[in-house]
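Protein chains in written order, with my numbering: chain A, 1 to 136; chain B, 1 to 136; chain C, 1 to 136; chain D, 1 to 136.
Don't take each hint at face value.
Unchecked claim - To give an idea of the interface, some chain D residues facing chain C are shown, with a C-beta separation under 8 Å as derived from the structure:
#	residue
1	15
2	42
3	45
4	48
5	49
6	55
7	56
It is worth saying that the hints were derived from the structure and are not from the lab.
Glycine residues also receive a C-beta, built at the ideal position from the N, C-alpha and C atoms.
Number of protein chains: 4
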Amino acid sequence: MFTQTLTPTFSDTDALGHINNTRIPVWFELGRNDVCRLFTPDLDPRHWVLILARMEIEYRAELFFNAPIEMRTGISRIGTSSFTVEQTLHQHGRLGAEGRTVMIHFDHAAKQARPIPDAIREALEGHRIAAAEAAT
Amino acid sequence: MFTQTLTPTFSDTDALGHINNTRIPVWFELGRNDVCRLFTPDLDPRHWVLILARMEIEYRAELFFNAPIEMRTGISRIGTSSFTVEQTLHQHGRLGAEGRTVMIHFDHAAKQARPIPDAIREALEGHRIAAAEAAT
Amino acid sequence: MFTQTLTPTFSDTDALGHINNTRIPVWFELGRNDVCRLFTPDLDPRHWVLILARMEIEYRAELFFNAPIEMRTGISRIGTSSFTVEQTLHQHGRLGAEGRTVMIHFDHAAKQARPIPDAIREALEGHRIAAAEAAT
Amino acid sequence: MFTQTLTPTFSDTDALGHINNTRIPVWFELGRNDVCRLFTPDLDPRHWVLILARMEIEYRAELFFNAPIEMRTGISRIGTSSFTVEQTLHQHGRLGAEGRTVMIHFDHAAKQARPIPDAIREALEGHRIAAAEAAT
């Protein structure tokens, strides 16, 4: 499991005084940097081999501007060419949001899915979590 | 069903040359303005009575910067205090993304869900679509 | 002068109840699409020949979520390889923000500025405004 | 002078393969959190006493996704009720962008500027830099 501490920006808030729902996908994308590095170690976008197929987010409690947010990122499913990233955000120890994204190992030139290579599959296994574990 | 035509901004793209996944939730939020107006006709955030509980998006095909995008927004489920908004994005007639959000009629002062008033329920019914209909 | 009507998104607001300052550069970038089309008629990012050198924005009055915003975009200076885009935002007839960006005609492969071709220079001239005119 | 290390998100890039110009104002807003804390120690938006009057950014060199970015934030001018925040971004030791914002000590209820209290003025002095110093 990867962990990261986020500092909200004022522009992450909205007129209801809390973090806007559209910011969570951006933070989750930041959290997935650690996963993308397993596929593209130098994180150079010209060598990118992943594409996002699906995103789900449950908003559990309001998140606020003025306190750090703990993000956890793990892998809950590994298929032939796709896998599922499971992520959570906690603030003051309380679950604010949890979500998952289905990523596909993808050849951007050929516009085709490709099986996940064994070495990367093993690396992903090292970060495996159950959905429930991330949300606790 | 509500429809809107979107013009992408250069900042909506990413280094893969297409629209970044995190922009779709922002466009869908824009599309829900029409739904929010049924609850808060003047759209004044101080009178806001909705909260977002859940979001799901399926990314079906790449969307690009240099052509308009058609957004459709309808209601696919109406419960006691919650309802589901179903939305799609098409570019050049091709489905690029579809998604749904669960919204809750919510008292922000009391921090509690409230039944959807009958008049608003009727207005929502007027925009009812099947999930399949939006994605066609 | 180009004009466009913007519909704010809820995520454009911040916890002070108004439009967040960081959204104005995004709207101005959208407004410059019309200028970029003079250089790259199909707006294909792979044929892009512009780069942004400088941005200035004056925040004149609060802008709010629940009313349309009128954006005006014109050209206030045309140099050898650079030019200045002058832009304003009005809501309810009141000036909310004005700004300018210095754009450079740029060869992204050679990483070098290039003189603005005569035909484009003439097209830019057709949209020339004085800074004061945009802000009125 | 305050310093912060930023990790770019994929959504910070654009189709030209570098960091999009509209992300710099967001990062600079994050960097100003440290300055805002001098005015509102708990960073609660309900006690906010600042407003942004003006922003200027010079884009000096491309910034990229796959390396950390060093942000420096200092104070270059302190007036009666306003002050200027000077900021820079460096990547691989190279200046990518520099900018400044004019902030006003502001009473959001009365919608009026207020003199900067002496204690805060002293705290601001402790972070004073010359514009040239930040950009070095």
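Checked hints:
With its C-beta approaching chain C no nearer than about 3 Å, residue 15 of chain D sits inside the 8 Å limit, and its interface hint holds. The interface hint given for residue 42 of chain D is violated, since its Cβ lies 13 Å from the closest Cβ of chain C, which is over the 8 Å cut-off. Hint status for residue 45 of chain D: holds, given a least beta-carbon distance of 3 Å to chain C, under 8 Å. The closest approach between the C-beta of residue 48 of chain D and any C-beta of chain C is roughly 6 Å, which is under the 8 Å cut-off, so the hint is satisfied.
Below 8 Å, beta-carbon pairs count as interface contacts, and residue 49 of chain D has none with chain C, the closest being about 11 Å; its hint is therefore violated. The beta carbon of residue 55 of chain D comes within 5 Å of a beta carbon in chain C, closer than 8 Å, and the hint placing it at the interface holds. The beta carbon of residue 56 of chain D is positioned within 8 Å of a beta carbon in chain C (closest approach about 5 Å), and the interface hint is therefore held.
Checked against the numbered hints above, the structure violates hints 2 and 5; every other hint is satisfied.
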